[in-house]
Structures are given as structure tokens and as C-alpha cells.
Amino acid sequence: MLGGVYGVMSVGLTLIFGVLRIPNFAHGEFLMLGMYVTYWFVVFTHLNPVFSIAVSAAVLFVLGYFFQSQLLSRVSRQGEVPQIFLTVALSIFLSNAAEILWGSNYRIVPVSYTSTTFHIGLVSVYAPNAIIFAFSLFLAGLLWFLLNKTHTGLAIQATAQDPEAAQLMGTDIKKVTAVSFALGAALAAVAGSLLAPLYPIFPTVGSYFILLMFTIVVLGGLGDVKGAFVGGTLISVVLSVSSIFVTEDLGFALVFIMFILILVLAPQGLFGKTVK
Amino acid sequence: MLRLGENAYWAMGLVLLPAAAYVAVPEYFSVVILMYYYAALGSAWNILGGRTGQLSFGNSAFLAVGAYTSTLLFLDYHVSPWVGMWVGGALAAVTSLLLGLTSLRLKGPFFVMSSFAFVQVVQLLLAHFTNITNGNVGLVLPLTDSLADMESGNPLFYGYLIAGILLLAVSVNYAISKSKTGYFLSAIREDEDAAKALGVNTARYKALAFVTSAFLTALIGTFYAQYLLFITPTATASIPLSIQIAIIAIVGGRELWAPVLGGIMLEGFAFLVETLFPAIPGLNFAVYAVLLMAVIILSPSGVYKYVREHI
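Note that the protein sequences, when read in sequence, are chains Z and H.
Using the numbering used here, read the first sequence as starting at 4 and increasing by one per residue.
Using the numbering used here, read the second sequence as starting at 8 and increasing by one per residue.
None of these hints come from the bench; they were simulated from the model.
Take every hint as true, because none was put in to throw you off.
Now the in silico label distances, taken between C-beta atoms and shown as ranges:
hint : chain 1 : residue 1 : chain 2 : residue 2 : range
1    : H       : Pro247    : Z       : Thr155    : 28 to 38 Å
2    : Z       : Val241    : H       : Val147    : 28 to 38 Å
3    : Z       : Val240    : H       : Gly160    : 51 to 61 Å
4    : Z       : Asp175    : H       : Val101    : 46 to 56 Å
5    : Z       : Gln81     : H       : Gly160    : 41 to 51 Å
6    : Z       : Phe141    : H       : Thr282    : 47 to 57 Å
As the structure is a computational prediction, the values presented were derived from the model and not from experiment.
C-beta atoms are modelled at their ideal positions from N, C-alpha and C, and glycine is treated no differently.
Extracted from the complex, chain Z is given alone in its bound form:
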């Protein structure tokens, strides 16, 4: 059930990698900020956390756009190392800023339906998981539409495939890059908002998810949008199946070992086309 939201959180990462060619180490912190936006939204408005999705997406879109266009773009000519370290620095900054602002205590989003379950045939479904799953599917559809049916979406895809050719065709690469980063950040925030009712929220929650997200995008093929959703579903299945046989921590260790192996043996991902 969590596969869908794993997909949403990872698809932003894959989008950013596709265009910028760097792993975004601040992605977990974008997710964390999304969770906090939802928390404060629910605390102040007492509305259903679902409505906070638009807010957290907007906030992180602006932050992502600003970060890429004002900071990352300054070092984009110097290769990947300075860019990777800028995202690392941003990740350290955001998690510590969150600690300064909101403290390191765990926070729980107060929602009415967290303990509701309903039954479909023999399967009992946990209500928040069902809502998250439905929303993830909806978002996947929306993203597909954005990338394939809008001008900006097509420009993002073109830039990811061949930046020089895209520029020659009249694409404003700088803007597209910033928009891709912003969109990726917004998607992480949406995933954070979706997860907020299920997970405790604390400043370093992002570091818990970041490696899982890397695993998912590499599994699905870096830069592959559909692959991120398939990878997300696959990983959530692997984690829940392995939890039957081994303890949770060993399950994670297995997933990460699998991650290193996939990187080495099939860096194009399980479904990706072979590159170069």
C-alpha cells in the first residue's frame, strides 16, 4: 500500500536526476518540510490533512526554484561535485533549521481516521493507507499528463534527453532546469504530506527515507518516471515480505545490499534502456 507514496517521493528525485544529472541529497529534507507543513496546517485549520497537499507543494516548489536558480546554477558549469555538495549543505541546513524552529520532539498529526479500517472481501484495509494509495495513483496520472501533454513537461523531457539539442530547439534550459528541480521538490513535499498522518515527524526524518528513495530510483532506472513508481511498489513489497522472515533492520540491510548490486550489475535499472 505504501508503494504508491514511495513512488511519489522518488519520482521527484528521478526527475531532478534526469535533468540535472546529480543525486539530490536534500530530497529527504524536502519530504520532511512537506510533513511539517501538513502538521502546522492541520494544527491551525483543523481541516483534513489532504487539503494541505497544495500548500506544501507550493511552498517547496518556490523553495526548490529559488535554490536551483540562485545557488545550484552558479556551480553548474563546474561539474557534479560542487552541485552534490550544495545539495548536501542544503540538507544539513534544512534539518538543523527545522530543529531550531520546531525542536527535535516527535510530532504526530492529529487526524480522526488513523485507526479506522474497512474490509474488502477478506482483506482488511487501513483507512489512511487507502487514501494515500488512491492519492498516489491520482498524482501519478497528473504527473504523466504534465510531462506528456504540456509544453513545459515536454521541454523537461527534451532537456533530460539532450540539453544541447533542446537549447537549439529554443528551449529556455535555465528555466526548465529550475522548474524541474522545483517540481521534484514539490513532489517530495506532497509525499511528505501524504505520509504525515502515518509517521512521527521530526527534523531528521528525511535521512530515514533518503537511501530508500535512492534505491527506488536506481531500481526503476535513474531518470525513468514510470520506473520510480514500479520501483517504489517493488521495494515496499520486498520490505514487507522480508519482514516476515527477518527483523526489520536486516530487511533494510538486504534492500541496500540489493541497491549496491543493482548499481553495479544493471545501472540502467531493471526496466531501463541501456545507455551508452
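Got chain Z; can you put chain H on it based on the hints?
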């Protein structure tokens, strides 16, 4: 290239500083030890990360290998850490060779991510096998105050122990930079495909750099265990520590003394913020992150080079 004069000044400064600090500001002596500790970690990282250009977020895993090997040998078999540290180094070298043979074929961001995952795997394994490692509770070394057990009641001992390891790491860097291997490593950093085309066995030299870096890091791991007499999986094989090691060398630069400057600067800075604003947890790292962004944007080849060129 570096003149001998500069090397001599640095070495002298590093040898004199612990004694001077011990006499003048004994209450802050631990800051000097931490500075040297980070400088040594940065220097060891520099062999692979700086010279060879293979960005690793995995070095803390080797710190853990070193710390756990010497500690377990001491606790279970009464082997002195003086011996254990070399066993730990050898074990880390073997581990890095096995990992390197597979993951060093990866380029750029892919290698970064694999090293990142490696730390997490080591941490999870150390935490999982509680019957050997005592899990997340950690291992405590007995307080013996005996030099034979690499322990002492006098902090100066630890100051000079880490100074020795730091100078060893710098010497290895120096030896590499003057050797054929060093030139091959630079060639790999600048253009791996071209180096390969010219007949450099890139896989072999990258593995060599990785093994050397891991070996030195494991020695520092034994120091860490002996200094604190307490180790846990999350304090040794930790992603934040791994990232910090890389940051030290990135902020400092890739020249011989640059990671040393980076380590001293960053630890000194962290100490300053902590002393000035002790009431706000997280502030030191937030400021640290802003500073890091500034250094990367304004002086991407490191502070050392900037200082050499402007002062």
C-alpha cells in the same frame, strides 16, 4: 609545487600545538584532539576523493571496521590495540578491495550513492549482530590507564597519538603525490577515459587509492575507540560522519595540507559556535551548512588554495 619549507612549518606546528595547548588552555585540550581527528580523516579521504576524484560518502564504514576490530580483539582475545589497529587496518583494506572491485567501476554520482548505501549496510549489520557487537548499546572498553593497552590518564598521550596518525596520513599523501601512482591518480581524476586509453590500468589504481584510504581511516577508528573507550554503530558507521569527512576535504581542498587546514578550521568553528550559543541545538550545523554553501560557490577548489593565492 610545495617547498620543503612549508612542509616543515606545518609538521612543526602540528607537533608543537598539543604541548602548547596543554600548557596554556588545558580545559580546551579536547578541541585540539578533535581538530587532529578530523584533519586525519580528511587527509585519509583525500587520497581517494581529492587525488583520484572518486567522491566517497563511505569512509566512516572503515572507521567502524577499525574501531570494532581492535576493540573486539582486545575484549575477547586480550590482543593489545597496538596490534589490533593494524589488524583493523588490514581488514578495512580487504573490505575496501572487495567493495572497490565492484563499485569503483561506477562513475560519478553512482559511486557516491553506492558508498552512501555501504555505510548504512555496515551500520545495520553492526547493530543487528548483537551477540558479537552488543548492538546499538555499544561496546565499552575497560579503563586500564596502561600504555600497553593504548590507554593513558594523560590527555597528551592521545594528542600525540592522533598527531602521529595524522602525520602518517599526510606522509602517505606526500609519497603518493611524488610517485608515478600519484600522477596516474590525477590523470584518472581529470579524464578517466583518456587515462585508460593511454594505458593506465585505471581500475587497479583506483582500487589502490581506495585501499590506502580505507587502511588509514581504520587506524583512526582504533584511536577513536581508545580515546572514548566507548563505541556504537551509529557513532562510527554513520552517514552524517561520512559526509562531514568529505566536507572537510572539500572545504580545505585537495592539496597536501588542505584537508588538515579544513579539519582544523571546521572543528574550530564548530567549537566556537557551540561555546557562543550553547542554548540553541542545531544552530552550529545550520551555520556550518551556510558556510559550506558559501565556500562551494565562492571558492570551489577549497580554502587552502584561496589562502595561498590571496594572502
